[in-house]
Amino acid sequence: MEETYITVSEVTDYIGSLIAGDLNLRHIFIKGEMSNVNLYRSGHLYFTLKDDESQIKGVMFGARYKLKDLKPKDGMKVLIEGKIDVYKKNGVYQLYADKISKDGVGDLHQRYLELKEKLNKEGLFDESHKKKIPNFPKRIGVVTAQNGAAIRDIITTIKRRWPLCEVILFPSLVQGDKAGENIVYQIKRSEDFDLDTLIVGRGGGSIEDLWAFNEEIVARAIYDCNTPVISAVGHEIDFTIADFVADLRAATPTAAAEIAVPPYGEIKNGVSQLKLRANMAINKQFGDNKSKFDAIVSKKLFTNPSEIYAPKEMMLDNLVNRLEHSSQSLIMKSKSRLDLIKHSNIFKNPDEIIKDKQENYLLQISKLEILNPLNTLKRGYTLAKSEGKVISSSKDLKSGDELEIEFDDGNVNTKVI
Numbered sequence: 001m002e003e004t005y006i007t008v009s010e011v012t013d014y015i016g017s018l019i020a021g022d023l024n025l026r027h028i029f030i031k032g033e034m035s036n037v038n039l040y041r042s043g044h045l046y047f048t049l050k051d052d053e054s055q056i057k058g059v060m061f062g063a064r065y066k067l068k069d070l071k072p073k074d075g076m077k078v079l080i081e082g083k084i085d086v087y088k089k090n091g092v093y094q095l096y097a098d099k100i101s102k103d104g105v106g107d108l109h110q111r112y113l114e115l116k117e118k119l120n121k122e123g124l125f126d127e128s129h130k131k132k133i134p135n136f137p138k139r140i141g142v143v144t145a146q147n148g149a150a151i152r153d154i155i156t157t158i159k160r161r162w163p164l165c166e167v168i169l170f171p172s173l174v175q176g177d178k179a180g181e182n183i184v185y186q187i188k189r190s191e192d193f194d195l196d197t198l199i200v201g202r203g204g205g206s207i208e209d210l211w212a213f214n215e216e217i218v219a220r221a222i223y224d225c226n227t228p229v230i231s232a233v234g235h236e237i238d239f240t241i242a243d244f245v246a247d248l249r250a251a252t253p254t255a256a257a258e259i260a261v262p263p264y265g266e267i268k269n270g271v272s273q274l275k276l277r278a279n280m281a282i283n284k285q286f287g288d289n290k291s292k293f294d295a296i297v298s299k300k301l302f303t304n305p306s307e308i309y310a311p312k313e314m315m316l317d318n319l320v321n322r323l324e325h326s327s328q329s330l331i332m333k334s335k336s337r338l339d340l341i342k343h344s345n346i347f348k349n350p351d352e353i354i355k356d357k358q359e360n361y362l363l364q365i366s367k368l369e370i371l372n373p374l375n376t377l378k379r380g381y382t383l384a385k386s387e388g389k390v391i392s393s394s395k396d397l398k399s400g401d402e403l404e405i406e407f408d409d410g411n412v413n414t415k416v417i
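Residues in the sequence shown are numbered consecutively from 1, following the UniProt record's numbering.
Take the hints with a grain of salt, since some may be wrong.
[Stated by the list, open to error] With beta-carbon atoms standing in for the labels, derived distance ranges: (1) Asp177 <-> Ile19: 16 to 22 Å; (2) Phe302 <-> Ile341: 58 to 64 Å; (3) Glu81 <-> Glu216: 44 to 50 Å; (4) Gln55 <-> Tyr5: 54 to 60 Å; (5) Gly176 <-> Asp22: 42 to 48 Å; (6) Asn135 <-> Leu25: 17 to 23 Å; (7) Lys73 <-> Lys268: 49 to 55 Å.
[Said to hold, decoys possible] Here are the simulated BS3-like cross-link-like pairs (lysine-lysine), alpha carbons at most 27 Å apart as the crow flies: (8) Lys66 <-> Lys102; (9) Lys398 <-> Lys415; (10) Lys102 <-> Lys83; (11) Lys300 <-> Lys275; (12) Lys118 <-> Lys66; (13) Lys68 <-> Lys83.
The set of hints was computed from the structure by calculation and includes no laboratory data. Computed from a predicted model, the values in this text were never measured in an experiment. Beta carbons: idealized from backbone N, C-alpha and C, even for Gly.
With the sequences and hints as input, model every part of the structure.
Given below as structure tokens:
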């Protein structure tokens, strides 16, 4: 029976197909220690990943763009996400990395998520607590490293955009074990400087480098700060806890400076435009008012005022004449009435009028005398009264009633039997 021989390439392809068909190897998470690290000018990273008993070749294409702030080096313990495949040219399987991070980042990420959830439940991230960033600040504070690129970028940007603003640096550690405490101290210290805005941040770095801005004491210091705070941690994709608590988040220190101040040139141009529009409006209003004034001045009231008041004078003269005529007529009527009264009998023969009135008075008195009940008593008659009322009929009385009998010369009390 004749043997069938296959080529090396065929064997390699077969092994490659077996590996490619294994789903466990198509997306793998693997950790180990890096060695033989070599970053080529092309941007590709070549390395060996090993542990105490084994090793595997590895490569990351475009590493210069994917890794950003991570700088792989020999002896670094890492976590890698990628796949296993065969490199046909050498006939070896190797690791193709998509993501590389330092080992231990997983623990930090878990701490980050736990603190984020805790502070979120307490309401530290609520929009209702966010303070408005002033539009035209006079003084801005910056909490960052004294000699870092962040402060240079911030100062340069602010002076370029809004040279009227003063910048005060509160130098702080931004990396390491003591960085969190130092940041908190400088945030509290900044409140004594009457700032309009406070920028807190640093340039980019790995999660370990930025960890100070994920500490709870820093988050609470930012939340308690009375000055509006812009978080400026240079990590454009990921957010730190400080970003969530701050009143506003900027992707980089430079972006924070651009947010904190308005563009002087644009403001100046805007003011110039407003000034131009105001002048145009004033000139238009002045022209409109002048036209109205000219129209008023041209009226007869100003050109020939006598035409206005002459008719009024005529009306006044007419009214005066009517008043004088009415007064004379009234006086004449009153004088005529007075003459009539003066020639009446009351003035000609007053004694006769008095005599007539006196005789009539005496007549009325004599009539009243006839009706006077007291004259009846003088003739021997009496008046019977009960409780002050005159009794005119015996039917008005009953046995036991008390009576008062009035005579001409006195009264007597009696009782009905």
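The hints, checked one at a time:
1. Asp177 <-> Ile19: 16 to 22 Å: Roughly 44 Å apart at Cβ, these two residues miss the hinted range, so it is violated.
2. Phe302 <-> Ile341: 58 to 64 Å: Once the Cβ atoms are compared, 60 Å apart, the range 58 to 64 Å for Ile341 and Phe302 holds.
3. Glu81 <-> Glu216: 44 to 50 Å: violated, 29 Å
4. Gln55 <-> Tyr5: 54 to 60 Å: violated, 32 Å
5. Gly176 <-> Asp22: 42 to 48 Å: This hint holds: roughly 44 Å between Cβ atoms.
6. Asn135 <-> Leu25: 17 to 23 Å: Violated, at about 57 Å.
7. Lys73 <-> Lys268: 49 to 55 Å: Since Lys73 and Lys268 have Cβ atoms about 50 Å apart, the given range 49 to 55 Å holds.
8. Lys66 <-> Lys102: Given that 27 Å is the threshold and the Cα spacing comes to 14 Å, the pair holds.
9. Lys398 <-> Lys415: At roughly 10 Å apart (the allowed maximum being 27 Å), Lys415 and Lys398 satisfy the hint.
10. Lys102 <-> Lys83: holds, 18 Å
11. Lys300 <-> Lys275: Roughly 40 Å between the alpha carbons, so the hint for Lys300 and Lys275 is violated.
12. Lys118 <-> Lys66: violated, 31 Å
13. Lys68 <-> Lys83: Roughly 21 Å between the alpha carbons, so the hint for Lys68 and Lys83 holds.
In summary, the numbered hints that this structure violates are 1, 3, 4, 6, 11, 12.
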